[in-house]
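Please model the entire structure based on the sequences and the hints provided.
Each chain, letter by letter, is given below.
Protein chains: 2
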Amino acid sequence: MPSTTNDHPLDFLFHPRSVAIAGVSKNKESQGYRYLDQLLAFPFKGPVYPVSISEEGVLGVQCYKTLKEIPGSVDYVISCIPHHQVLPLVEDSLVKGVRCIHLYTARLAETQLKDRLDLEKQIVDTARQGGIRIIGPNCMGLYCPEVGLTFRYSLPKESGHIAFVSQSGGNAANLEYQGVGRGLRFSKIISYGNASDLNESDFLEYLLEDPQTRVIAMYLEGVKDGKRFAELLRKADGKKPVVLIKAGRTSAGTRAVVSHTASLSGEEKKWEAICRQFGVIRVHSMQEMADVLLGFQFLQPVSGRRVLIMGGGGGGSVEAADVCETEGLEVPPLPSDMKDEIRSFAPDVWSLISNPMDGSVMGGWEVMVKSLQMGAKWDGVDILIGNSSAIWLLDHPDGAIQHEFSLEFLTDLIKDNNKPLVVFANAGDTTTSWRVEALLKAQEKCKEKGIPVYPNIHRAAKALAHLTGFYKRVNQIELVS
Amino acid sequence: MPSTTNDHPLDFLFHPRSVAIAGVSKNKESQGYRYLDQLLAFPFKGPVYPVSISEEGVLGVQCYKTLKEIPGSVDYVISCIPHHQVLPLVEDSLVKGVRCIHLYTARLAETQLKDRLDLEKQIVDTARQGGIRIIGPNCMGLYCPEVGLTFRYSLPKESGHIAFVSQSGGNAANLEYQGVGRGLRFSKIISYGNASDLNESDFLEYLLEDPQTRVIAMYLEGVKDGKRFAELLRKADGKKPVVLIKAGRTSAGTRAVVSHTASLSGEEKKWEAICRQFGVIRVHSMQEMADVLLGFQFLQPVSGRRVLIMGGGGGGSVEAADVCETEGLEVPPLPSDMKDEIRSFAPDVWSLISNPMDGSVMGGWEVMVKSLQMGAKWDGVDILIGNSSAIWLLDHPDGAIQHEFSLEFLTDLIKDNNKPLVVFANAGDTTTSWRVEALLKAQEKCKEKGIPVYPNIHRAAKALAHLTGFYKRVNQIELVS
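Protein chains in written order, with my numbering: chain H, 8 to 488; chain Y, 8 to 488.
Treat the hints as calculated values from the structure; they're not laboratory data.
Among these hints, one or two may not hold up.
[What the hints assert, rightly or not] In silico lysine-lysine, DSS-like type, Cα no more than 25 Å apart, as pairs:
| hint | chain 1 | residue 1 | chain 2 | residue 2 |
| --- | --- | --- | --- | --- |
| 1 | H | 246 | H | 231 |
| 2 | Y | 346 | H | 121 |
| 3 | Y | 121 | H | 346 |
| 4 | H | 448 | Y | 448 |
| 5 | Y | 456 | Y | 164 |
Put into structure tokens, the structure is as follows:
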């Protein structure tokens with residue numbers, strides 16, 4: 008097992024030896040109950056202490072009236088109590104030697120009410136006097152599968168190499184929906200809300216030094232210290248990809264940011280310039296973020312943009328060619344010696360076989376197999392894009408087996424040549440149960456084989472454009488340095 | 008039942024009294040078998056005659072050795088035989104008094120081989136001598152649910168008011184995948200391939216006069232007569248929306264078009280100009296096309312672009328605001344009198360309630376219900392956008408019922424005020440079976456209630472931008488005329 012800690016002073020946040028949850032009740036809808044249930048289920052690798060003024064025990068675990076009554080030491084406190092009860096909790100934490108408090112508690116600075124702004128400041132000031140760091144308020148906290156910390160039932164128990172820093176708890180959830188089924192795995196997810204103490208720069212600095220983290224994704228509404236943040240982006244440039252959503256691009260978005268985490272979202276043009284300057288991969292939805300991250304997770308570095316599109320057919324092939332070129336990829340025509348070779352075994356259809364290599368014109372399985380195998384080895388392209396033909400094959404339930412077969416064939420094409428391959432399996436978003444089952448199966452197969460899968464060519468091409476752009480920049484930086 | 012025919016000379020195409028299928032075998036994978044099976048199952052409202060040189064009967068229906076042996080009259084022939092056998096079939100069709108031949112048969116002009124180009128021309132010339140019209144070759148033919156004509160098992164049996172003219176058979180299938188589950192219903196789908204005789208202009212002209220068709224969608228790779236086509240677009244302008252994919256936008260796409268249907272795709276800039284001039288709604292994927300069509304099908308005309316975003320919360324709300332404004336919609340702030348009223352029943356959170364009306368800040372069901380009901384009646388917006396909160400509620404299986412409840416509440420908000428409402432239910436594309444089931448249920452509910460549903464705010468906002476753009480143009484045309 009590789010070293011899982013680093014020397015950064017914030018490493019302790021991700022390796023607490025014990026957790027207390029303040030505000031636990033038997034109400035299954037309450038967040039205190041949920042944190043307890045999740046940490047027991049994951050499980051967290053250390054003692055978990057529920058704190059409750061009214062309950063004796065919840066989920067078979069003894070409750071304590073206050074933090075101070077807990078017999079063992081407490082490193083990490085999750086606060087699910089109302090805002091006006093937080094200050095006494097912080098005072099108890101000081102006595103108890105707590106190192107970090109995560110405030111799920113909300114209704115503080117984000118309300119923009121003077122008394123709440125003051126209270127949030129007082130909480131942080133009190134905590135920092137005793138060296139306690141604060142995550143939040145108004146956030147979901149930390150997910151670190153290595154130690155069994157989580158804020159959602161459905162996040163994976165296995166670790167990966169992607170870190171996500173999100174000012175929004177909802178988006179931390181959203182990334183799971185958009186990518187975990189396709190295989191995304193994380194080193195850490197950090198939902199930090201109002202950033203009253205620890206902020207985006209602290210986490211970015213930590214993750215740049217974290218050996219478990221190879222790719223950094225961020226959802227930001229604002230930054231506390233723009234200069235420090237830009238300096239960190241400069242440090243990341245060409246080393247670890249940073250995939251960023253910067254919300255508040257428009258006037259309505261900026262207003263929404265203010266009422267969400269009371270951040271100052273700053274000027275869009277400045278953000279554009281900073282991202283360009285430091286090679287930050289800017290995306291505009293959680294879906295696009297998941298698509299890019301999946302590419303980074305599964306594909307070896309590739310900076311060339313020449314693609315071969317394989318399988319599927321007809322209008323879908325034309326769309327694929329248009330979309331790839333629109334996204335800045337190249338779809339080179341097949342070289343004449345390959346055309347000649349195809350002519351030798353497919354005299355009737357060789358003139359129709361080009362790039363995209365349209366499966367529907369090949370007049371049979373044998374020609375298709377030979378042509379695609381030849382194409383997959385072609386050194387005139389850098390990346391292979393496979394179309395699983397879902398739209399033809401999932402015409403009726405019997406086709407599900409054929410779709411599986413088609414996918415197996417496509418994903419086997421790189422057995423010998425180890426080229427970067429992505430697959431798209433387009434069967435719409437709205438469909439019948441048996442189609443969905445077939446697609447879930449396809450997804451499972453791609454995940455097992457470590458192949459990024461997308462529901463359409465648009466998303467595949469966009470992800471590849473971002474990915475190749477990053478590696479191209481890395482090459483350029485290496486050339487000049 | 009409204010009149011289903013029109014006076015256009017091509018109306019006979021969609022109302023054949025009988026169909027013969029040439030090239031039927033017992034092989035379930037063969038297209039001849041499929042057409043027979045589909046027409047029997049739909050069912051086609053008239054006799055269906057399989058023609059086969061080897062079979063006595065298929066699927067319990069007697070086969071005929073040749074067209075001429077069929078006892079009754081034949082209006083419409085579907086040809087699934089190889090290209091070199093087509094000419095004798097056309098000659099038999101002339102004898103038999105056939106009115107239209109649909110050539111599923113391929114490997115003709117699209118091969119770009121001289122002998123095939125000649126053969127295609129000879130087929131058309133021979134047919135036209137006897138007044139027979141040709142659809143194709145290299146296409147799926149006609150779907151007209153009113154008479155039970157179809158080329159796919161899974162197309163709906165009920166009619167609707169959308170027509171789709173597609174040079175690609177695959178895209179005709181794709182539209183079904185992208186939109187039928189959400190409720191898209193069609194008057195006609197026309198897959199016409201190489202357009203050797205009947206072409207895009209013929210079909211567009213027909214559909215402009217078709218009382219069953221209110222919206223026209225087209226997938227084109229090229230046009231045979233640009234001047235005539237532009238003239239028809241001018242006629243459509245402000246009357247029936249035309250939603251167009253013009254493929255071959257890039258050099259790779261143009262090459263792909265040539266090898267698909269041997270069309271000349273023409274210059275991208277010209278197409279852009281024509282679309283702008285005649286208010287054609289240009290889209291770039293079948294998914295985007297389905298999204299727009301769904302809006303036209305379900306929503307009353309609306310040209311105002313002020314939206315209220317309701318429900319969901321956090322980062323998702325910020326993203327929604329950004330996306331709507333980026334797509335050209337407006338997200339106006341709540342007026343002060345509404346804020347005052349909200350303050351009266353939600354003193355603790357009123358300052359957080361804005362547009363988007365973020366469900367996660369409202370601190371409870373009661374405040375949310377009151378606020379959203381008030382928002383839904385607000386005359387400061389033209390369109391309501393509901394977020395079903397899928398990302399929070401589908402956290403674990405018990406949440407599926409809450410998601411259903413949330414959707415019921417959102418879709419009931421327009422009971423009294425009849426405002427245009429669209430819903431987005433974002434739970435990613437890649438997920439577990441129970442999440443998919445919850446989303447299918449949500450989709451079913453929206454379909455029943457006639458509400459367009461989208462898997463994310465990006466697609467909802469883009470569809471609304473196209474839709475409102477069309478109706479704005481209609482208003483302007485009416486003002487000046």
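For each hint, the structure was consulted:
1. H/246 - H/231: Roughly 24 Å between the alpha carbons, so the hint for residue 246 of chain H and residue 231 of chain H holds.
2. Y/346 - H/121: holds (18 Å)
3. Y/121 - H/346: OK: residue 121 of chain Y and residue 346 of chain H at ~18 Å, within 25 Å.
4. H/448 - Y/448: Holds - the C-alpha atoms of residue 448 of chain Y and residue 448 of chain H are around 21 Å apart, at most 25 Å.
5. Y/456 - Y/164: holds (19 Å)
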